[in-house]
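Input sequences plus hints: build the corresponding full structure.
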Amino acid sequence: MERSVADKYYYDIPFPKGHIGLKSFNAEVIDEEGNPIPLQETYLHHWVVARYYARTGFVEPEETGFQELKKSDFTFVRNTGMCQNNVLGQYFGLGSETRNTSTHVPDPYGIEVGNPAEVPAGYEERWMLNVHAIDTRGAENGLGCTECRCDLYNVSTDSRGQPLRPGYKGGLYCCYDGVQCRVKQGFNGAKRSLYLRYTVKWVDWSDAVVPVKIYIFDVTDRMNHSAGPSIVHDCRVEYNVEESCSAASTASDRCLDNQWAMVTMPTGGYVVYGVAHQHTGGLGSTLYGEDGRILCSSIPIYGKGKEAGNEAGYIVGMSTCYPQPGSVKINDGETLSVLSNYSSTQTHTGVMGLFYILVADTLPESSLLSLDAPL
Numbered sequence: 001m002e003r004s005v006a007d008k009y010y011y012d013i014p015f016p017k018g019h020i021g022l023k024s025f026n027a028e029v030i031d032e033e034g035n036p037i038p039l040q041e042t043y044l045h046h047w048v049v050a051r052y053y054a055r056t057g058f059v060e061p062e063e064t065g066f067q068e069l070k071k072s073d074f075t076f077v078r079n080t081g082m083c084q085n086n087v088l089g090q091y092f093g094l095g096s097e098t099r100n101t102s103t104h105v106p107d108p109y110g111i112e113v114g115n116p117a118e119v120p121a122g123y124e125e126r127w128m129l130n131v132h133a134i135d136t137r138g139a140e141n142g143l144g145c146t147e148c149r150c151d152l153y154n155v156s157t158d159s160r161g162q163p164l165r166p167g168y169k170g171g172l173y174c175c176y177d178g179v180q181c182r183v184k185q186g187f188n189g190a191k192r193s194l195y196l197r198y199t200v201k202w203v204d205w206s207d208a209v210v211p212v213k214i215y216i217f218d219v220t221d222r223m224n225h226s227a228g229p230s231i232v233h234d235c236r237v238e239y240n241v242e243e244s245c246s247a248a249s250t251a252s253d254r255c256l257d258n259q260w261a262m263v264t265m266p267t268g269g270y271v272v273y274g275v276a277h278q279h280t281g282g283l284g285s286t287l288y289g290e291d292g293r294i295l296c297s298s299i300p301i302y303g304k305g306k307e308a309g310n311e312a313g314y315i316v317g318m319s320t321c322y323p324q325p326g327s328v329k330i331n332d333g334e335t336l337s338v339l340s341n342y343s344s345t346q347t348h349t350g351v352m353g354l355f356y357i358l359v360a361d362t363l364p365e366s367s368l369l370s371l372d373a374p375l
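Positions 1 to 375 (my numbering) are the ones given, in order, by the sequence shown.
Since the hints were made in silico from the structure, they are not lab data. The reader is advised that the hints may include incorrect statements.
With a cut-off of at most 20 Å between alpha-carbon atoms, the simulated EDC-like pairs for lysine to aspartate or glutamate come out as follows [what the hints assert, rightly or not]:
| # | residue 1 | residue 2 |
| --- | --- | --- |
| 1 | Lys8 | Asp177 |
| 2 | Lys306 | Glu28 |
| 3 | Lys201 | Glu125 |
| 4 | Lys304 | Glu28 |
| 5 | Lys213 | Asp361 |
| 6 | Lys201 | Asp107 |
| 7 | Lys191 | Asp361 |
| 8 | Lys184 | Asp207 |
Label pairs and their computed distance ranges (CB to CB) [as the list claims (entries may be wrong)]:
| # | residue 1 | residue 2 | range |
| --- | --- | --- | --- |
| 9 | Tyr322 | Val119 | 29 to 37 Å |
| 10 | Ser193 | Pro14 | 16 to 24 Å |
| 11 | Asp107 | Gln162 | 45 to 53 Å |
| 12 | Lys213 | Gln67 | 39 to 47 Å |
Since the model is a prediction, treat every value here as computed from it, not as a measurement. We put the beta carbon where it would ideally sit given N, CA and C, even for glycine.
If you want it as structure tokens, here you go:
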């Protein structure tokens, strides 16, 4: 990493071909020798894997954001929902929690991809990887660098040269590719090459695999119900947590920042997996049904050491939900609430409150039999 921030797009990455069911995608940052790199050296803000259709023969420009590509060459294939346009449309994605967060899709479910009947004529299915990593070696304020505080990056414009909106203190618009976070005087870190090592697991598609849909909810989403029959979402992806109390009074409820959003599901189904995504300061996130029942709660795991996967002060994992088949059902048209809790003993910029779930339209045959069995 030559500069402190790398935010790269890699197209047509090596990926299993054919009509398959994805079972997991795991990734971590390593050096040239394959050694895991701890978060206090290079903070993995996020990696996301997205699906797209490319015109046959089209060669993607290196490291260009997909928003810059022509629609005739490139069609983004987003997940089922719920945000506007292509926002949060990825199939998989994690951040600092990547080493200790399960992405496994339980049997007999799978994320269906590669169905030749769905690929438009003259196009082929490909996969893109976006990696956003921040070199914090020698940083004057490591947490501030990972939270993309604009003053530490000394930027007043975004990656396209547009002025930042008034009052924007930190977030993705300030830590784009190539910018440098402030380091301690005299520090001169050696340039090094890092890699994202990833492992994909899949099964060949068959009638035995039950398809699941991917939904990603965002606590910043503000649905516009006045837009007629099609509800318009407004997912901002990131937000700030303002300091509301001192660390000495942490027993008080005033030290909690609660953000929530209500999202209506056009069609429901059975939840088979759930996980939240939060940043440092996060205390957990919960997805509720319309009647207040808990569909899934996901709690961050904080590290306690120095080694990769257990870095003190960082979120190194998120707990996941694997409900018993058929036990957690979302009804058609049900309005869900997603809640994200952060500690507000200090200010945090550019935090996230996302919730990722997998939903099956139907249950596997064995589950149907057990649900119908007399008690």
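Indices of hints not satisfied (ascending): Going through the list in order, the structure violates hints 7, 8 and 12 and respects the others.
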